[in-house]
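Use the sequences and the hints to build the structure in full.
2 protein chains.
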Amino acid sequence: MTIEQAAVVGLGLIGGSFAGALRQQGIRVKGVDADVAAGQAAAQLGLIDELSDDLAAVLDGADVVVLCVPPATVLRLLPEVDRLAPPSTMILDTASVKVAVTEVMSTLVRGERAIGGHPLAGKEASGPAASEAGLFRGHTFILTPSTVTSPRTMDLAAQVVRMIGGNPYVMPAARHDEVLARTSHLPQILSTALALDTQDVDAVCIGPALRDMTRLAGSDPTMWRDILMLNRQNVVAEANGYIAQLREFVSMLEAGETARIEGVLRSGRQAGGALRGVAA
Amino acid sequence: MTIEQAAVVGLGLIGGSFAGALRQQGIRVKGVDADVAAGQAAAQLGLIDELSDDLAAVLDGADVVVLCVPPATVLRLLPEVDRLAPPSTMILDTASVKVAVTEVMSTLVRGERAIGGHPLAGKEASGPAASEAGLFRGHTFILTPSTVTSPRTMDLAAQVVRMIGGNPYVMPAARHDEVLARTSHLPQILSTALALDTQDVDAVCIGPALRDMTRLAGSDPTMWRDILMLNRQNVVAEANGYIAQLREFVSMLEAGETARIEGVLRSGRQAGGALRGVAA
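Protein chains in written order, with our numbering: chain S, 3 to 282; chain R, 3 to 282.
Derived from the structure by calculation, the hints contain no laboratory data. Bear in mind the structure is a predicted one, so any value in this text is a computation, not a measurement. Treat the hints with care, since some could be wrong.
In this list, chains with the same sequence are indistinguishable; a pair is considered to hold if it fits within one copy or across any two.
[Said to hold, decoys possible] Straight-line distance between alpha carbons at most 25 angstroms, and here's what the computed SDA-like set of lysine to any residue pairs gives:
(1) Lys125 with Thr260
(2) Lys125 with Ala40
(3) Lys125 with Ala205
(4) Lys125 with Gly265
(5) Lys125 with Glu82
(6) Lys125 with Ser269
The following block contains the structure:
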């Protein structure tokens, strides 16, 4: 199966980076973005070969279409893309929630050619100007088949992921949403809350630690609204578990349990070291 | 007032970096560390001119002594340093809590020559091998006088801070402990709790966001035990405020209040941008 042409819908950080990485591999890339300025920026940056405002024209001749729009927009666009795309065009998305996406994918007329995707790469900056063709290089790219995804689609998706330098990793959508609620969606909430909590602090008192911990708060609010809402059951459960853990730590502090506090800090250091000692 | 010789007590990340920065300015530095291996490493790395295991010998001839040991050890050592140091030796510490430290400073026989200090620089790595002479360069270095600190001591401390590249910033110890509970001590707890929360997660699912948010968890447990215990009243208050904020966000998620969630995320991005010194 050779891939010669791709369509990228949404030309922000992820879409722009995806398009740029595909172009570097000699793939012809057509792009579309509802935001005219973003589309033009992507074209000027050389991330795509051709810009259009017509979804049908962008999909025409594409071996693969990649949806790089906020999660709720993915859900809305999937039936339209399925209707407009040539029958053999593989459909891949990049949203950070996968149960809602694969549920819609399984209901498409040609659902066998659609598969969920989530690159574990990114940064808090957004928009085409933040794009990097190397963004996915060496990073895990999770693939979540729907109940009707074909083996051909799975192979093709893995091929596309390797093409942009990512490491394909197949997992069930439900498991993805559970794990990411903990590793990504919870950290996002924590960072946003901390940024709000410290916004009035004298700037001279802000050190590198706080800057690190509030970096995520800079992420795109529209995208994160969709992610948190679509995965809210898991996110609420994780947040409640985390709050319970914080409460316990606060109780130890109130009770002055020095040895237990040191024990928690020591375990945390070990856990943090293990988290950083691994290539993702 | 010229400074020709300094004593550094504790040769970990902060002490080693402080010693190295002073040496770069032509100051003769004598060092001591209760951990024999750490002391020897600091000597081998050229961070100090002379290593000794005798506090009196290290203090002999010093124009300034800098205490770079965990906060509880600072409290314990202060009276001994005051007793052993020549009468004109200025005493500066670097602990992340300042009320407890300046209270002890105000009770010293020669309390006028002691002042609290806290460099807002650091990293999660510890020990002399992690030291960098440039660690403090361009960073705020908070100075907190006690009730008896003399103007001469304040001038001398500011001079030492500028010598190592830091920006001296004077503030009351009580205010320091309140602000740092929010900007540093709370983030430390959040990072530790998140590292513990995610330690069993499949390594392949760990992205850059989680690594950022758990970096602080790698900090020295002994030092942080002291910081959290000595500032626990402020830390408990800040943690409780943060928990209340998280709870409110979880309630919005449970109630499916999409617009309010987007509003919080948007405010969080603005706040985070302001913290990083950029317009968001």
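Evaluation of the provided hints:
With identical chains, the CA atoms of Lys125 and Thr260 are at most 25 angstroms apart between copies only, with a shortest distance of 23 angstroms across copies and 37 angstroms within one. Proximity of Lys125 and Ala40 under a CA criterion of 25 angstroms is satisfied intra-copy only: 18 angstroms inside one chain copy versus 37 angstroms between copies. Taking identical chains as interchangeable, the C-alpha atoms of Lys125 and Ala205 lie at most 25 angstroms apart whether they share a chain (24 angstroms) or sit on different chains (19 angstroms). In this assembly of identical chains, the alpha carbons of Lys125 and Gly265 lie at most 25 angstroms apart only when taken from different copies (21 angstroms versus 33 angstroms within one copy).
In the homo-oligomer, the alpha carbons of Lys125 and Glu82 never lie at most 25 angstroms apart, since the shortest distance is 29 angstroms inside one protomer and 50 angstroms across protomers. Only between protomers do Lys125 and Ser269 lie at most 25 angstroms apart by alpha-carbon distance; the minimum there is 18 angstroms, versus 28 angstroms within a single protomer.
Hint violations for this structure: number 5 only, all remaining hints satisfied.
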